[in-house]
Amino acid sequence: MHCRWFGAWCGVLAWMTAVAVAAEPAKMKALIIDGQNNHNWKATTPLLKKYLEETGLFTVDVATAPIGKDLSSFHPKFSDYQVVVSNYNGQLWSPQTQSAFVKYVEGGGGFVSVHAANNAFPEWPEYNAIIGLGGWGGRNEKSGPYVRLKDGQIVYDTSKGPGGGHGRKHAFKVEIYDTEHPITQGLPKVWMHAADELYDKLRGPAQNLRVLATAYSDPKTGGTGQHEPMLLTVSYGKGRIFHTTLGHDTEAMSCVGFIVTFQRGAEWAATGKVTQPLPADFPTETAVKMRR
Numbered sequence: 001m002h003c004r005w006f007g008a009w010c011g012v013l014a015w016m017t018a019v020a021v022a023a024e025p026a027k028m029k030a031l032i033i034d035g036q037n038n039h040n041w042k043a044t045t046p047l048l049k050k051y052l053e054e055t056g057l058f059t060v061d062v063a064t065a066p067i068g069k070d071l072s073s074f075h076p077k078f079s080d081y082q083v084v085v086s087n088y089n090g091q092l093w094s095p096q097t098q099s100a101f102v103k104y105v106e107g108g109g110g111f112v113s114v115h116a117a118n119n120a121f122p123e124w125p126e127y128n129a130i131i132g133l134g135g136w137g138g139r140n141e142k143s144g145p146y147v148r149l150k151d152g153q154i155v156y157d158t159s160k161g162p163g164g165g166h167g168r169k170h171a172f173k174v175e176i177y178d179t180e181h182p183i184t185q186g187l188p189k190v191w192m193h194a195a196d197e198l199y200d201k202l203r204g205p206a207q208n209l210r211v212l213a214t215a216y217s218d219p220k221t222g223g224t225g226q227h228e229p230m231l232l233t234v235s236y237g238k239g240r241i242f243h244t245t246l247g248h249d250t251e252a253m254s255c256v257g258f259i260v261t262f263q264r265g266a267e268w269a270a271t272g273k274v275t276q277p278l279p280a281d282f283p284t285e286t287a288v289k290m291r292r
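Numbering (the working numbering), first residue to last: 1 to 292.
Read the hints as simulated data drawn from the structure, not as lab findings. Cβ atoms here follow ideal geometry from the backbone N, Cα and C, with glycine treated the same way. There's no promise every hint is true.
[Claimed, not checked] Just the calculated beta-carbon pair ranges, DEER-fashion:
hint	residue 1	residue 2	range
1	171	72	25 to 31 Å
2	123	186	36 to 42 Å
3	158	186	33 to 39 Å
4	277	221	43 to 49 Å
Make the full structure from the sequences, and use the hints.
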């Protein structure tokens, strides 16, 4: 009698466990690429991985490119992932890997470019179209226009000049330009970001580009005197791209504003929607908020 009861109870428990597992949605797969970067990727990649996993939406792999070696053997299987995050700024990938990446994004894969990832690959036209705007690496007016905010409107400036710059590292206000996009919907219109490099003078093809947020590049800190794009999205084929210029180091990446927009941007790039609520500790117009 006892054995029959125990067996039946075990059967019920097994059924309940199976139902619970079936009800829990499968997590998406994310890939972070690093290994070469003039920024400290060894310190920042663990933060990016942690932030993605904290959402409960992703499992995360990391593909680390070798340094100073032939990259012909570096070919991540992009097609295994719903979103690819670049924390990479280094040698040009092999033609095989370039082709696989373009095919992945064009076919509907999500991509997130973090900070110096927009410095990478000035000689690769498709990559520049995918990120929309980039800096350094010899970029200039031939690379495409500057994109800025003037009198409340996004303008394209085709004047001659170098691509890429920033003044002194400092805390600054991020201003949401597009309040309707899923990534920025519900965020405070203006919020303080922790000390970071405020990228300016970015140039690129700027096609199928949507500016989500800007920041004033103050001449007092070595800036341009222009409102420069900080957060943007790009569509490339069927792919969705979220591009954040924020995140120079671990301090900048510990800002709740960076964390939340990165998490939301990754979800949107992967799915086209955002399900994450605004956290209570999001920065205000006057106060930086950090997670240590």
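Hint-by-hint comparison with the structure:
{"no.": "1", "hint": "171 with 72: 25 to 31 Å", "in the structure": "violated, 43 Å"}
{"no.": "2", "hint": "123 with 186: 36 to 42 Å", "in the structure": "holds, 39 Å"}
{"no.": "3", "hint": "158 with 186: 33 to 39 Å", "in the structure": "holds, 35 Å"}
{"no.": "4", "hint": "277 with 221: 43 to 49 Å", "in the structure": "violated, 33 Å"}
When each numbered hint is compared with the structure, violations occur for hints 1, 4.
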